[in-house]
Each structure stands twice: as C-alpha cells, then as structure tokens.
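Colleague: Heads up: the protein sequence lines correspond to chains A and B, in order.
Each residue of the first sequence is one higher than the one before, starting from 1 at the first, in our numbering.
Each residue of the second sequence is one higher than the one before, starting from 1 at the first, in our numbering.
FYI, nobody ran anything at the bench for these hints, they're computed from the structure.
Fair warning: there could be bad hints in the mix.
[Said to hold, decoys possible] BS3-like mimics (lysine-lysine), calculated; alpha carbons at most 30 Å apart, straight line:
hint, chain 1, residue 1, chain 2, residue 2
1, A, K173, B, K89
2, A, K137, A, K95
3, A, K342, B, K89
4, A, K140, A, K155
5, B, K89, A, K186
6, A, K173, A, K203
7, A, K95, B, K89
8, A, K184, A, K27
9, A, K267, A, K186
10, A, K27, A, K203
11, A, K41, A, K313
12, A, K203, A, K342
[Unchecked claim] What follows is a list of derived Cβ distance ranges for each label pair:
hint, chain 1, residue 1, chain 2, residue 2, range
13, B, L111, A, R311, 43 to 49 Å
14, B, E136, A, H222, 47 to 53 Å
15, A, A85, B, S87, 44 to 50 Å
Think of the CB as a built atom: it goes at the ideal place given N, C-alpha and C, for glycine as much as any other residue.
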Amino acid sequence: MLVTSLPWRMESQHERSADRYRAGVLKYAQMGYWDPDYEPKETDVLALFRITPQEGVDPQEAAAAVAGESSTATWTVVWTDRLTAADVYRAKAYKVEPVPNSTEQYFAYIAYDIDLFEPGSIANLTASIIGNVFGFKPLKALRLEDMRFPVAYVKTFDGPPTGIVVERERLDKFGRPLLGATTKPKLGLSGRNYGRVVYEALKGGLDFTKDDENINSQPFMHWRDRFGFVMEAVNRASAASGEVKGHYLNVTGATMEDVYERAEFAKELGSVVVMIDLVIGYTAIQSISKWARRNDMLLHLHRAGASTYTRQKNHGISFRVIAKWMRLAGVDHIHAGTVVGKLEGDPNTIRGFYNILREPYNPSDLESGLHFDQDWAGMRKVMPVASGGIHAGQMHQLLTYLGDDVVLQFGGGTIGHPMGIQAGAIANRVALEAMVLARNEGRDIWNEGPDILAAAARTCQPLKAALDTWGEVTFDYTSTDTPDFVPTPTPA
Amino acid sequence: MRLTQGTFSFLPDLTDDQIRAQIEYCLEQGWAMSIEYTDDPHPRNTYWEMHGNPMFDLHDAAGVMVELVDARATFPRHYIKVNAFDSTKGIESLRLSFIVHRPDPEPGFTLERHEVEGRHIRYTVRAYATDRPQGERYP
C-alpha cells in the first residue's frame with residue numbers, strides 16, 4: 001500500500017509518459033488529483049467536501065479539481081512541476097460517493113501530505129484548504145464538511161491555554177454545568193449601569209457574566225470604563241458569595257495592539273477571563289491564545305459571524321470544522337449550540353460539535369456528522385457554551401443533551417426575570433443544582449424534569465416566578481444543518 | 001451570609017440520605033471519595049485540610065458516611081466537604097465537590113479596596129473569621 005505513495009514510483013511512470021507534462025490543458029483527474037487506489041497515510045491531513053458539480057461535470061473530475069485547486073494545481077499544465085516531488089505535493093481525491101437522499105451532491109474525500117502545511121498555523125492550513133477553491137466555476141456549491149488531523153500535526157499546536165479541567169480547578173467548581181449570562185441590553189448601557197447588571201447577576205448565583213460580541217469601545221461606554229466598573233462588580237459578588245466569579249471582558253479591537261492593550265488591562269484588574277470574537281481572524285486568535293497561556297487567563301471565543309458560512313448545508317464550512325480549528329488554535333470557551341434555544345441546532349449535529357471540543361478521541365460517527373476518527377493526542381479540552389433563548393424551565397433538557405462540561409448562558413432568562421436580576425440568577429442556579437442532584441440520585445430527569453423543577457420551586461419563589469413566566473416557551477423550528485446519515489428505525 | 005462554594009449550596013442543606021445517594025452515584029462512576037475541612041473559606045483556599053487520604057479502596061457509601069460522622073464530631077465548627085476524584089487519563093481531577101457541614105453563623109467576607117494610582121483599585125477578599133487564629137475562628 002505504502003509503495004504506491006512513494007514519489008519515485010509515480011514519478012518514474014510520469015517520466016515514461018512525457019505527454020503528462022506537454023503544455024496545454026488536462027483534466028484534473030488526468031493530472032493525478034484523482035487516485036481511487038490511494039490509501040491515506042496516518043500522517044495525511046484528510047478533508048471531506050460536499051460538492052455540487054455544475055451540470056455535465058463528472059463528480060470525480062470535480063473532486064479532482066477541488067484536490068488540485070486546494071493543493072498544487074493551476075488550470076493548465078506547468079513544466080515546473082517537474083522540479084518538485086510533485087506527486088507528494090498533489091492532494092489526492094481518493095473517494096467520491098453520492099450524498100444520501102440527494103441527486104446532485106457528492107462527498108469527496110481528499111488526502112493532503114502533512115508537508116503541505118506550516119506547523120502550528122491555522123492561517124496557513126485554511127489558506128490551503130479553503131483558500132481558492134470555493135469560487136471555482138465548475139462547482140455550483142462546495143462545503144467543507146469535516147477534517148482529520150494526524151497526531152503529528154495536532155502536536156504542532158498549543159491548543160487551549162487552560163482547558164476544561166484546569167478551568168474547573170481554578171474556579172473551584174465541579175460536578176455541574178457553569179452558569180453565565182450576557183449583559184443586556186447589549187448596546188447603550190453606560191459603564192456604571194453595565195456593572196450593576198453584572199453585580200446583580202453574579203451575586204444572585206451565576207459563575208460568569210459576559211460582554212456581547214459587539215461590545216467593544218463605543219461612545220456610550222469606552223472599554224476602560226466598562227472594565228473598571230465590571231471588576232468592582234465581580235469582586236463585590238465574589239465577597240458576597242465566597243466563590244470565584246468572572247466576567248468575559250471582550251478585548252476585541254481594531255488592531256492587535258488594541259487587543260493586547262485591553263487584555264493587559266484586564267489582567268492588571270485581576271480578571272480571570274478575557275474574550276474575543278471570531279471575526280478578529282485566525283492569526284489574531286492564535287496570538288491572543290499564546291498571550292492567555294503566558295498570563296494564566298481563560299480565553300472565551302464568541303463565534304461572531306460563523307453562521308454566515310456554517311448554517312447552509314450546500315455551501316460553506318461546517319461548524320464541526322471550525323470547532324476543530326479552534327481547539328487547535330487554542331481557545332478555552334466556544335459557543336457551540338443549545339439544541340433547545342433560539343439558534344440553529346439539530347441534537348445529533350450539536351452532539352458532534354460537543355464531542356469534538358470535549359473528548360480526548362473522536363471515533364467516526366456518521367449520525368453526529370463525524371466522518372473521521374480524530375485523536376486529539378492529549379490536547380486540552382474546550383468548554384462549549386450554550387447561549388441564546390434558554391431558560392430555567394428547560395434545565396432537564398439542557399442537562400440531558402449537553403452534560404456537565406458546558407457553560408449554560410441565560411441572558412434574557414436572568415435579566416428579564418419579573419422579580420429582578422438577582423432573582424433570575426437564583427432561579428437558574430437552584431434549577432440547575434436541583435436537576436444535577438436528581439440525576440445523580442438516579443431519577444429519570446428527561447421525563448420527571450418538570451416535576452423536579454416544580455418541587456424545587458416550592459422552596460424557591462424566584463424559580464417559581466421563572467417557571468410561571470417562561471415555562472412554556474419553546475423554539476420549535478426545523479434545523480437546516482442536519483446529519484446526512486440517520487439510523488434506520490428498528491421495529492420494536 | 002451563606003458560603004455557596006460546592007455543587008449544591010443553593011439547595012437546602014442536604015440530609016444524610018441525600019448525601020449518601022450522591023456518594024453512591026460517585027462510587028458507581030468509579031470515583032474515589034475524600035473528606036476535607038477548613039475554617040478558612042476564602043474562595044482561593046484550594047488546600048482544605050484532609051480528613052485522611054482519599055478513600056481509593058473504599059467502595060461502600062456507608063463507610064464514607066462513617067468517616068463523615070467522625071469528621072463532623074471532630075470539627076463541628078468548621079466547613080466540611082465531600083469530594084469525588086476521577087483518575088481517568090485526561091481528567092485526573094475532582095468530578096463532584098459539595099459542602100456537607102457548615103459553621104453557624106457564617107460571618108462571610110469583606111471586600112477591601114486599596115486605592116492606588118489613578119482610579120485603580122486593588123481588591124482583596126478577606127474572611128472575617130480568619131482574623132482569629134486557626135481553630136478559634138467560629139464560635
């Protein structure tokens with residue numbers, strides 16, 4: 001098997017066929033980018049694309065074109081290939097299969113030699129894999145569904161600066177999901193008023209509060225105002241509860257110098273966590289990750305902008321790939337879906353995202369959209385964040401779907417509480433602890449959840465008010481980003 | 001003031017039956033139980049005193065409860081917590097930790113503000129109890 005991939009063997013064949021390098025245009029498949037006999041090496045980077053070829057374009061040729069355009073090819077033969085070990089550097093499409101229940105889409109598996117990539121650089125990796133090929137005319141649409149990174153490449157990344165285990169040890173919080181809330185309204189509050197919301201929510205019982213993605217440094221609240229008032233609130237709440245508390249201070253700025261300046265100030269004020277938005281870019285994320293590692297800081301990532309390219313199934317990038325890139329790039333928290341809240345989230349697909357972030361090893365599991373085995377080689381784990389339209393009445397569903405290692409963020413579900421922000425936070429914390437207690441006692445929380453909440457509400461007026469206000473609120477819409485493989489129902 | 005460290009501090013104090021049920025759950029997961037106590041409840045006081053080593057070889061909740069009864073009798077005016085430790089590779093840390101005994105009353109903490117240059121403030125959280133020597137902190 002290995003023999004076929006040795007460069008000298010292929011090269012000798014090509015030398016026998018001078019036709020291969022005669023000036024002109026060849027099909028990508030003829031240029032060597034389609035190789036159905038290729039056995040991927042353990043050290044190869046693998047990618048799975050969903051391709052929608054233009055009418056009349058052969059799927060294998062389309063797959064070869066994707067392999068070519070994301071590695072060495074250009075549209076015509078170039079003799080300078082012969083100055084290189086071209087067969088090593090050529091990506092190889094090695095399998096093409098129709099997408100289940102689709103007439104025009106195909107899954108194309110492509111293998112890339114590890115030496116095509118700069119060690120430890122998401123920017124370089126992505127410039128190759130998604131750099132040019134998404135605008136390629138012979139394809140109607142293209143989606144990067146999944147990737148497999150060899151251990152040798154994983155080990156070139158630092159990964160999360162803190163990780164789930166050490167985050168819990170620093171916070172001294174075990175055995176339950178963490179609780180958070182995003183400060184609302186997201187725009188317009190002065191620093192002083194903003195800190196009030198933070199204080200009430202943290203004192204009430206949340207572990208974290210959060211800047212929203214678009215809170216940076218606006219005329220109504222400059223960043224230094226916010227940082228100062230927020231840290232007063234965090235420390236007051238910590239003294240009132242005896243717990244470590246935190247607020248994700250968003251250090252996103254116009255330049256990397258701004259980002260570092262804001263992060264340094266957060267550190268100076270004693271914050272345990274800083275936050276960035278995905279829109280700052282992969283290089284900036286890796287830079288601030290290294291800063292966070294040097295400064296013992298949790299790094300929270302808000303996936304601002306991700307849905308522009310992750311949500312539609314025919315074109316873009318699956319969030320499972322973004323999740324893999326961000327675990328490599330090194331963030332401690334990332335928003336990864338709620339299943340039950342207001343934002344996109346099919347349960348099986350979300351389970352796949354959470355497994356990527358939290359497990360030491362991902363076996364392939366088509367039901368949750370994981371097409372490859374992925375060994376994380378000891379890399380630290382990323383805490384997923386569930387945020388957007390969730391409330392205390394869903395606690396049994398959240399705990400069942402998402403497990404313990406997650407931050408549950410109730411923004412409106414804390415701040416909009418009829419008895420006030422502290423009461424909102426109390427309701428969430430009591431609902432959570434009651435549900436964890438009941439689950440550990442062996443109760444069937446999926447079915448008994450509403451009863452467990454009602455019982456806890458008998459000694460907790462804020463929880464009763466929360467259930468009365470939001471108990472019936474659901475967001476029941478069909479997901480767009482769903483797995484293509486569903487288990488065949490077995491007769492009972 | 002109620003110290004709300006630990007997994008279940010927002011619920012009414014757990015009964016011994018409830019504590020035993022949590023311990024049984026932990027033992028079923030293969031976690032090792034341990035008991036710790038302190039009279040310094042500062043949120044960053046990581047190292048509470050160990051009431052013996054973690055009970056790696058004890059797989060019976062009743063045995064852990066015996067240790068807990070002993071800890072309460074010995075340290076009635078301390079905080080006592082039960083921890084569950086998971087030695088699985090990649091975790092090797094606590095999986096559950098909850099307070100099972102607390103002094104009464106709990107005076108809580110003060111927040112000291114040290115005003116430095118500009119408008120900066122350096123914050124220190126200090127337990128009122130730790131003004132007194134160890135062992136004499138709660139009446």
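Colleague: Now tell me if each hint is right for this structure.
Modeller: Consistency of the hints with the structure:
no.	hint	result
1	A/K173 to B/K89	holds, 20 Å
2	A/K137 to A/K95	holds, 21 Å
3	A/K342 to B/K89	violated, 36 Å
4	A/K140 to A/K155	violated, 36 Å
5	B/K89 to A/K186	violated, 41 Å
6	A/K173 to A/K203	holds, 16 Å
7	A/K95 to B/K89	violated, 35 Å
8	A/K184 to A/K27	violated, 56 Å
9	A/K267 to A/K186	holds, 23 Å
10	A/K27 to A/K203	violated, 66 Å
11	A/K41 to A/K313	holds, 29 Å
12	A/K203 to A/K342	holds, 26 Å
13	B/L111 to A/R311: 43 to 49 Å	holds, 45 Å
14	B/E136 to A/H222: 47 to 53 Å	holds, 48 Å
15	A/A85 to B/S87: 44 to 50 Å	holds, 47 Å
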